[in-house]
Structures are given as C-alpha cells and as structure tokens.
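Q: Given chain A, work out where chain B should sit, using these hints.
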Amino acid sequence: MLRFSPILILLCFVSPIDGLAKVVDETEIDQKVREIAKTLRCAVCQTENIWESGAPLAHQMREAIRERVMQDQSAEEIRAYFHSRYGNYIMMEPPKQGINWLIWLAPFLLLFGGGVLLWREVKGWVTQTPASQPPPTLDEASRRRIERELHRNT
Amino acid sequence: MTRTTQITILVVLLALLSLFYQGLWGDPRHIPTVLVNTRAPVFEGPDVESGDPLSSKRYKGKVIVVNFWASWCQECKVEHENLLRLYDEFKDHPEFVMLGINYQDERPKARAYLQRYGSSFPHMEDVKGTLAINFGVYGVPETFVIDKQGIIRHKWIGPIVDDVYTNLTQNVLTPLLQKADTQVRSYEPST
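In the order they appear, the protein sequences are chains A and B. Note that the numbering used here has the first sequence beginning at 1, numbered continuously upward. Note that the numbering used here has the second sequence beginning at 155, numbered continuously upward.
Hints in this document: simulated from the structure, not taken from any laboratory. Here the structure is a predicted model, which is why all the values come from computation and not from measurement. It is possible that some hints are incorrect.
Label pairs and their computed distance ranges (CB to CB) [claimed, not checked]:
hint: 1; chain 1: B; residue 1: Pro329; chain 2: A; residue 2: Gly98; range: 27 to 35 Å
hint: 2; chain 1: B; residue 1: Asp316; chain 2: A; residue 2: Pro107; range: 39 to 47 Å
hint: 3; chain 1: B; residue 1: Val196; chain 2: A; residue 2: Gly87; range: 18 to 26 Å
hint: 4; chain 1: B; residue 1: Ile161; chain 2: A; residue 2: Ala106; range: 17 to 25 Å
hint: 5; chain 1: A; residue 1: Glu67; chain 2: B; residue 2: Glu235; range: 34 to 42 Å
hint: 6; chain 1: A; residue 1: Pro56; chain 2: B; residue 2: Val166; range: 38 to 46 Å
Taking lysine to aspartate or glutamate pairs in the EDC-like style, the calculated list, with each CA pair at most 20 Å apart, reads [stated by the list, open to error]:
hint: 7; chain 1: A; residue 1: Lys32; chain 2: A; residue 2: Glu67
hint: 8; chain 1: B; residue 1: Lys263; chain 2: B; residue 2: Asp316
hint: 9; chain 1: B; residue 1: Lys282; chain 2: B; residue 2: Glu260
hint: 10; chain 1: B; residue 1: Lys282; chain 2: A; residue 2: Glu67
hint: 11; chain 1: A; residue 1: Lys38; chain 2: A; residue 2: Glu63
hint: 12; chain 1: B; residue 1: Lys282; chain 2: B; residue 2: Asp201
hint: 13; chain 1: B; residue 1: Lys333; chain 2: B; residue 2: Asp201
hint: 14; chain 1: B; residue 1: Lys282; chain 2: A; residue 2: Asp30
hint: 15; chain 1: B; residue 1: Lys282; chain 2: A; residue 2: Glu63
Counterexamples of contact, computed for chain A against chain B with all Cβ distances above 10 Å [unchecked claim]:
hint: 16; residue: Trp51
hint: 17; residue: Pro56
hint: 18; residue: Val69
hint: 19; residue: Gln71
hint: 20; residue: Asp72
hint: 21; residue: Glu93
hint: 22; residue: Gln128
The C-beta atom is built at its ideal place from N, Cα and C for all residues, glycine as well.
In isolation and in its complexed conformation, chain A is listed as follows:
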C-alpha cells in the first residue's frame, strides 16, 4: 500500500475533484458591484469592506450599488453618493485631502526621519572610531622574552 501512496497523493492534485475550486459565473454588473463594494467600508463593522461583510446593512448597500450600476452610474458617482451619506468614514481609502494627507504621508515621513537619524548616528560612530593603525612595535626585551618562552616550551 505504501508503495502506491505517492501515486495516490499525485492523483489528489490532478483529478478533477468537485468542490476543490468553485467556478463562479460573474456577470459584468457583478464585477462592477464587487469592485465598488470593495472600496467602501461596512458602516457597522470594523475594518471590513461591504463586499466581505455579512452585516444586513452591508447587504443593503451592495444592493444599492447594484441598482445604481444598472442605472449606468459610474463607480465615482456611486462612491460619491455613499460619501455624501456617510462621509469619509465609508471610504476604505481616506480621500487625499486636508488632514487626511497626514495619514498618507506620515509613514513615509517617519521612515525618512528614521533613516536620517540612523544615517547621522552611524556617521557619528564612524567618525569617532580611530582609523586602523599598525600594531605597536615590540621592544627588544619583550621580543627576547617571547623567544625564550618559545624555546623553553619546545
């Protein structure tokens, strides 16, 4: 039995077992709804978009998006509608304006500031460390003593 186990394992990967992967028939409207819903935050959940949320309000919002997509509204128009009802809170990505710039720029500013600090510190260490020098010369007495010790051991 053990001899066949590699073949069985291989068959698990190559056989078309139903259920391993689902084929989803997605229309163009479904795709648009998904794309828009993924950019809007579920108003009653924490950090979850309305596409992934199971909350009833998120479900209603998905339906509202679908209705507007079917009315040929653009993604921007739909997002603007939700923004007008719920404000910045509804956007998964805060709009790049006003105080929101802080959110967008702070990581880069902190990274830059940290890099400058690190560079200055390392530079300081390098300048404080004395340049490499040749080892001090051995005086005659020490040299004789070392030789004496070496001879005694051999």
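A: Below, chain B alone, put in the same frame as chain A:
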C-alpha cells in the same frame, strides 16, 4: 545625538502616543455625521398600518421628527414610550410632524409591534433599507429632526431616553418650532 534631535523625537513619540491613546479609549460608536445642516432627502413609502402611500413632500414647511425603528430592535422598545410622549407633547403645534420609518422589517411583525406598544403617528416602510442609506443610517434606533426649510438640524444615534429626550424637546424642537430659521446646535453626547 544633539539635544534638539532628542527633543524632536520625544515630541513625535508623544504625539503618536496621544493618537494611540485616543484610538484606544475613544467611543467606537461615535461617528461624526455629515448630514446635519444638509438638505434632507425626499422619502416616500407605504404606510405600515394602512398601506397607503406616504411622502415627505406632503410635510413641506413643517418641522419633521423622523425616527428609524424595527420590531426586532430592543433599544427601539426602550424608547417607544418616550416617542409617544414626545408626539403628545407637540402634536397640537400646527407645524409639527412626526414620522416613523420601519427599517428592514416584515409588515405583520411591524404591525404587531405597533399594536402592542402603541401608535399615534404614521410609520413608513423601508423594507430594502434604501431610505436608511439615503439618511446615512448605521442602525436602529436613529432619530433626525428636519427644519421647516427641509434641512436636517439634528441626528441622534440610539434611544431617546432621559437627558437625550430633554435635549431633543427643549434645545432642538422647541426653538425650531418657535422660529422659522433658528439654528440649533447639534447635541453631542457627554462622554
């Protein structure tokens, strides 16, 4: 590292810590509303009890209290008695209108709820939640006050009880009914 650099780092760290502290202890339910001081959406739908069409257009030029509720909502039951009291207090004023919007509910359940807890003002159905999204509703109960010009002047998330009721009647409704263009400040909860 110079003293100036050390102080700068300390200031930045303190600022980040204060932001973290705010995020940690702030009320996660407090979400700033964008609809206060903007024009209220037109809302239409069938009456929960009679099935007749209702429209906000019918109440143009009046102060409208709009309360979103549902039969499955526990906090709505808590505030219901106060809503009936509020309606009784202002119903004789010719420019006062109160409307309930039944959010994502089943008509028989909503009717049973109104029969059990009492009903003195009309209620509109919002089965699909479209009206709720138009009003930027997060959940029920939520209450809005619209002035005579059709501008939303006040929004409250949660039940109308105790000091919320007092504030709503004394600081919001009374001034709005007394003057045509009174600006009332939106009530913020004391945390």
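Q: Now tell me if each hint is right for this structure.
A: Hint check:
1. A hinted range of 27 to 35 Å for the beta carbons of Pro329/B and Gly98/A is consistent with their spacing of about 32 Å.
2. A beta carbon spacing of about 44 Å between Asp316/B and Pro107/A agrees with the range 39 to 47 Å that was offered as a hint.
3. Taken as a hint, the range 18 to 26 Å holds for the pair Val196/B and Gly87/A, whose Cβ atoms sit roughly 21 Å apart.
4. At roughly 19 Å, the beta carbons of Ile161/B and Ala106/A sit within the given window of 17 to 25 Å.
5. Range check, Glu67/A to Glu235/B: about 37 Å between beta-carbon atoms, so the 34 to 42 Å window is met.
6. Range check, Pro56/A to Val166/B: Cβ separation about 42 Å, and the 38 to 46 Å hint holds.
7. A C-alpha spacing of about 11 Å is found between Lys32/A and Glu67/A, which places the hinted pair at or below 20 Å, so the restraint holds.
8. Annotation: proposed proximity of Lys263/B to Asp316/B is violated, straight-line Cα distance about 28 Å (limit 20 Å).
9. At roughly 11 Å between alpha-carbon atoms, Lys282/B and Glu260/B fall within 20 Å of each other, so this suggested pair holds.
10. This hinted pair checks out: Lys282/B and Glu67/A have alpha carbons roughly 12 Å apart, not beyond 20 Å.
11. Restraint check for Lys38/A and Glu63/A: satisfied, since their Cα atoms lie roughly 14 Å apart, inside the 20 Å limit.
12. At most 20 Å may separate the alpha-carbon atoms for a hinted pair to count; Lys282/B and Asp201/B meet this at roughly 15 Å.
13. Taking the CA atoms of Lys333/B and Asp201/B, the gap is near 30 Å; set against the 20 Å cutoff, the hint is violated.
14. A C-alpha spacing of about 19 Å is found between Lys282/B and Asp30/A, which places the hinted pair at or below 20 Å, so the restraint holds.
15. For a cut-off of 20 Å, the pair hint linking Lys282/B to Glu63/A stands: about 9 Å separates their Cα positions.
16. Distance check on Trp51/A: its Cβ is at least 16 Å (rounded) from any Cβ of chain B, clearing the 10 Å threshold; non-interface status holds.
17. With 10 Å as the threshold on Cβ separation, the claim that Pro56/A sits away from chain B is violated: the shortest Cβ distance comes to roughly 6 Å.
18. With a cut of 10 Å on Cβ distances, Val69/A stays outside the contact zone with chain B, its closest approach being about 15 Å.
19. Consistency note on Gln71/A: stated as away from chain B, and its beta-carbon is indeed over 10 Å from all of that chain's, at 13 Å minimum.
20. The claim that Asp72/A is not at the interface with chain B holds, since no C-beta of that chain comes within 10 Å of its own (minimum 18 Å).
21. With a minimum CB-CB distance of about 17 Å to chain B, Glu93/A clears the 10 Å threshold, and the non-interface call stands.
22. No beta-carbon of chain B comes within 10 Å of the beta-carbon of Gln128/A; the shortest separation is about 13 Å.
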